[in-house]
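Visitor: Given next are the chains, with one letter for each unit.
2 protein chains.
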Amino acid sequence: MYLCTMYSSELIKGTLKTIILNLLKEQGRMYGYEITQRVKELTNSKIQITEGALYPTLHSLEKNGELSTEKEYIGKRVRKYYTLTKQGHNTSKERVNEFADFVNTMRFLLNIETKMNNV
Amino acid sequence: MYLCTMYSSELIKGTLKTIILNLLKEQGRMYGYEITQRVKELTNSKIQITEGALYPTLHSLEKNGELSTEKEYIGKRVRKYYTLTKQGHNTSKERVNEFADFVNTMRFLLNIETKMNNV
DNA sequence: AATAAATACATAAGTATTTTATGTATAATG
DNA sequence: CATTATACATAAAATACTTATGTATTTATT
Chain A
1 MYLCTMYSSE LIKGTLKTII LNLLKEQGRM YGYEITQRVK ELTNSKIQIT
51 EGALYPTLHS LEKNGELSTE KEYIGKRVRK YYTLTKQGHN TSKERVNEFA
101 DFVNTMRFLL NIETKMNNV
Chain B
1 MYLCTMYSSE LIKGTLKTII LNLLKEQGRM YGYEITQRVK ELTNSKIQIT
51 EGALYPTLHS LEKNGELSTE KEYIGKRVRK YYTLTKQGHN TSKERVNEFA
101 DFVNTMRFLL NIETKMNNV
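Going down the list, the sequences are from chains A and B.
Taking the numbering used here, the leading residue of the first sequence gets 1, the next gets one more, and so forth.
Taking the numbering used here, the leading residue of the second sequence gets 1, the next gets one more, and so forth.
No wet-lab data here; the hints were simulated from the structure.
Do not take every clue at face value.
The list treats identical chains as interchangeable, and a pair is accepted whether it falls inside one copy or across any two copies.
Stated by the list, open to error - 25 angstroms max Cα-Cα, derived SDA-like pairs, lysine to any residue:
no.	residue 1	residue 2
1	Lys13	Thr57
2	Lys25	Phe108
3	Lys17	Ser68
4	Lys76	Ala100
5	Lys86	Asn111
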């Protein structure tokens with residue numbers, strides 16, 4: 001067991017929506033807290049989404065028609081499940097493609113070799 | 001000749017310093033305007049650094065001890081050349097490594113295949 | 001010769017996204 | 001019984017960028 005250093009907060013900026021949209025595309029429906037935990041797991045704690053960033057982003061995506069919600073009660077505690085709308089599916093694909101393209105451009109620009117020693 | 005769509009401005013956020021530091025590591029010394037043109041060339045216009053973003057960033061990097069400057073006159077017009085300090089060299093490496101790591105994490109998270117149809 | 005475009009710097013106002021902080025409340029654990 | 005984890009939310013502050021504006025010289029176009 002070793003300590004993972006998180007990325008400097010600047011790097012993650014601008015990728016939050018992409019991460020959320022892609023996760024929802026793959027996992028179907030999820031609730032906010034679940035998203036933070038899943039991302040933490042999948043990235044070995046290298047990316048940790050704060051709640052202050054997450055919830056406003058989810059609200060914004062919903063307002064924009066990318067996500068729809070349904071509330072569910074687990075005992076007395078409420079959960080808000082998010083699902084991609086049809087538009088959200090398209091946006092998800094677009095965002096991931098754009099990021100993939102961006103990464104290629106940056107790899108070229110920064111002369112980064114393809115490293116496979118991942119996560 | 002075809003039109004290139006730029007990336008949504010969110011994506012580039014947080015990578016500007018990395019790009020500048022890496023370019024200076026590879027090219028030796030450069031002046032501001034030159035940096036914008038070089039990045040535009042190298043990325044086929046996909047990344048265009050605006051002056052409003054560039055100059056404050058350069059000033060900040062200089063203030064932080066990453067860059068040193070020397071003025072030069074081309075005719076009556078001034079140019080401000082930037083060079084990496086020793087500290088700047090280290091920071092440059094760190095930043096590029098961090099970005100490479102981040103990209104690997106993101107590729108895993110987003111299930112992106114290694115695409116080689118670059119730039 | 002006059003005008004436009006490119007070169008070269010700079011800064012300020014506005015916007016967007018995120019961090020940090022705070023708040024509320026329930027459920028599980030030790 | 002107290003702490004930790006779960007689960008939502010929002011507001012203030014910080015950060016990084018876009019857009020707009022300003023100055024001035026040099027080169028290209030008409």
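Visitor: First find the shortest C-alpha distance between Lys86 and Asn111 inside one copy, then the shortest across copies, and answer within, between, both or neither for a cut-off of 25 angstroms.
Guide: between (38 angstroms within a copy, 21 angstroms between copies)
Visitor: Please work out whether the CA atoms of Lys25 and Phe108 approach to 25 angstroms or closer within one copy, between two copies, in both situations, or in neither?
Guide: between (29 angstroms within a copy, 15 angstroms between copies)
Visitor: Is it within, between, both, or neither for Lys17 and Ser68, if the alpha carbons may be no more than 25 angstroms apart?
Guide: within (15 angstroms within a copy, 37 angstroms between copies)
Visitor: At 25 angstroms max between alpha carbons, let me know whether Lys13 reaches Thr57 within a copy, between copies, both or neither.
Guide: both (12 angstroms within a copy, 17 angstroms between copies)
Visitor: Can you give me the call for Lys76 and Ala100, within, between, both or neither, at a CA distance of at most 25 angstroms?
Guide: Result: close neither inside a copy nor across copies, 42 angstroms intra and 44 angstroms inter.
Going through the hint list in order, the structure does not satisfy hint 4, though it satisfies all others.
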